[in-house]
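Q: Produce the entire structure from the sequences given, and follow the hints as far as they go.
There are 2 protein chains.
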Amino acid sequence: MSDFAIGVDIGGTNTKFGVVDKQGKILYQDRMLTNDANDVQDFVDELHQKLMPLIEKSGGIEKFAGIGVGAPNGNYYTGTIEYAANLKWRGIIPFAKITSEKFGIPVKLTNDANAAAMGEMMYGCAKGMKHFITITLGTGVGSGIVIDGKIVLGHDGFAGELGHTIIRPGGRLHKGTGIRGTLESYASATGVRETALEMLSDNPKVDSVLRDSSINDLITSQTVYEAAIKGDKIANDIFDYTGQILGEALANFVMFSSPEAIILFGGLTKAGNLILSPTKKAMEETLVQNFKNKVKILFSNLQEADAAILGASALVWDN
Amino acid sequence: MSDFAIGVDIGGTNTKFGVVDKQGKILYQDRMLTNDANDVQDFVDELHQKLMPLIEKSGGIEKFAGIGVGAPNGNYYTGTIEYAANLKWRGIIPFAKITSEKFGIPVKLTNDANAAAMGEMMYGCAKGMKHFITITLGTGVGSGIVIDGKIVLGHDGFAGELGHTIIRPGGRLHKGTGIRGTLESYASATGVRETALEMLSDNPKVDSVLRDSSINDLITSQTVYEAAIKGDKIANDIFDYTGQILGEALANFVMFSSPEAIILFGGLTKAGNLILSPTKKAMEETLVQNFKNKVKILFSNLQEADAAILGASALVWDN
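Chains as they are written, first to last, in the numbering used here: chain L, 1 to 319; chain A, 1 to 319.
Incorrect hints may appear among the rest.
Any copy will do: because identical chains look the same in the list, a pair fits if it lies in one copy or spans two.
Okay, derived cross-link-like pairs now, DSBU-like style, lysine-lysine, Cα gap no bigger than 30 angstroms in a straight line [what the hints assert, rightly or not]:
{"#": "1", "residue 1": "K50", "residue 2": "K88"}
{"#": "2", "residue 1": "K296", "residue 2": "K50"}
{"#": "3", "residue 1": "K57", "residue 2": "K294"}
{"#": "4", "residue 1": "K294", "residue 2": "K88"}
{"#": "5", "residue 1": "K175", "residue 2": "K296"}
{"#": "6", "residue 1": "K233", "residue 2": "K88"}
Since the hints were derived computationally from the structure, they do not count as laboratory data.
A: What follows is the structure in structure tokens.
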């Protein structure tokens, strides 16, 4: 009998994994460094070694319906990880096949952002929704799109790369892709930091605690938030600017798939209303009549560390 | 036995309708002025009067499975036409219900751009495709999105308004919506005309046959095309500029739903390679690696007048 699923979230730095029951409770979890292993077989061997004790504690492998994996550039159709920029493994890696052979149970794989959307749909604030979009505002900007209750995969499995859509043509250069003006260049952690540095340099006469060199060295959305709630003008301007761009991008997404809600998660959402208000305002101003005042912008209510594991495990229960 | 369907395409000026068989052959067709009737009941009465002879010629109403209607702001879920800017009928019109009561057969309704996408899928160059987007480059810019073989309707029936997505933030004002920098402001017939007037005025020293006042008064994508193939520099620049913007917008759409193809139709496509080349180039330059050299841009092979009727009739056969 299948009581449990394993969720594995492969990130650029850490790989998190856990045993999850059908109610979305994580019974056991652990993590390992993603790029310690030299090749993918070593990685899967280490994953197996770390997971087996958790599997045994849960009653053995017979209790498991399968393994769900979220990975950068993961392709649901083929079970492969393809040319993932942040992973050591190059080319097209048949990750689901290798993992399934090692564990002896079915393995489903998708990209990490799609896994997060699955998690929201099964256990998070998108429960019961059939049309929504999740946007991760983290190191990068990821996205998962759900239409009619299904993740949008596209003809090749790579749909939903909304962080790479253009919103400021000819604007800021994205170093990873070489393309200018994409959403990720502004609404990611790196983007917020770059906005902060630009604003500090463009407004040399405006006082800001962000100028303090010790802080300046490590400006994050967290330090900007702390400055903003103390009334720091530049810190507040950074959120307004980021929200304006994010809101316009969200409007474009809404006019594509007309979702019931957009669910945000990741570091930037910790700024709460400071980022939500300008985002919502810009989105509403950019929407044509049909769409105005209809679409909710929500913050995920899943714990960030758990969301990735839950989302990946949800792949196992999904038809 | 149901051999036939009726397709009705309600446009701002003309309403076209016809009898269509299951193979997509239009047996009989006719048209009427959309805004002659004072209210929707008068309109449906006139439509009935004009259609009945065609229905009788086809063997009577018993031979018909239903009526499919494409209309601006048509909502598939509710069968209503809602706040259509170019129609006389105001508010929310229960068009499918009124028409079904008049004819005594089922009526399905969707917006005109979705109907066109249905037509492409059943009878046009998207036959056999499960993931594609159609873009109409006409008086306005309309769009129909197909994912997994189904038209994307969204939570409220209004998905797929890609002409209103922003591609030049703060750019040209769209008089109808009051929003700046949307695709429709550049890639529609009106947009091309505005680009022409701007370029002529910005480059007073550059010779152009488009300056000839008699032509200037009625610049259309057709006159720009005729000038361009004769080597007119400004005319060629107009297509390059329009293609650049359209291509960037298409890249954004591709990174949303990863379609197999984008199918263009409407007046602007008559310019052939003059618009296709710069569009394709800009799209490819804007796409991140995963999507490059994968997505076809095609011109519709359906006759424009027929496409609308065929698409609307296809609603009847669709499950």
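Q: Checking an output row: K50 and K88, CA cutoff 30 angstroms. Within, between, both or neither?
A: This pair counts as within: shortest intra-copy Cα distance 20 angstroms, inter-copy 68 angstroms.
Q: How do K57 and K294 come out at 30 angstroms by Cα distance, when the copy is not named: within, between, both, or neither?
A: neither (47 angstroms within a copy, 47 angstroms between copies)
Q: For K175 and K296, with the copy left unspecified, which applies at a CA distance of at most 30 angstroms: within, between, both, or neither?
A: between (32 angstroms within a copy, 27 angstroms between copies)
Q: Within a copy, between copies, both or neither: where do K294 and K88 come within 30 angstroms Cα-Cα?
A: between (43 angstroms within a copy, 25 angstroms between copies)
Q: At most 30 angstroms between CA atoms: does that hold for K233 and K88 within a copy, between copies, both, or neither?
A: So K233 and K88 fail the 30 angstroms test inside a copy (42 angstroms) and across (50 angstroms) alike.
Q: Using 30 angstroms as the alpha carbon limit, work out where K296 and K50 are close: within a copy, between copies, both or neither.
A: Classified as neither: same-chain Cα gap 40 angstroms, cross-chain 45 angstroms, threshold 30 angstroms.
The structure does not agree with the numbered hints 2, 3 and 6 stated previously, though it agrees with the rest.
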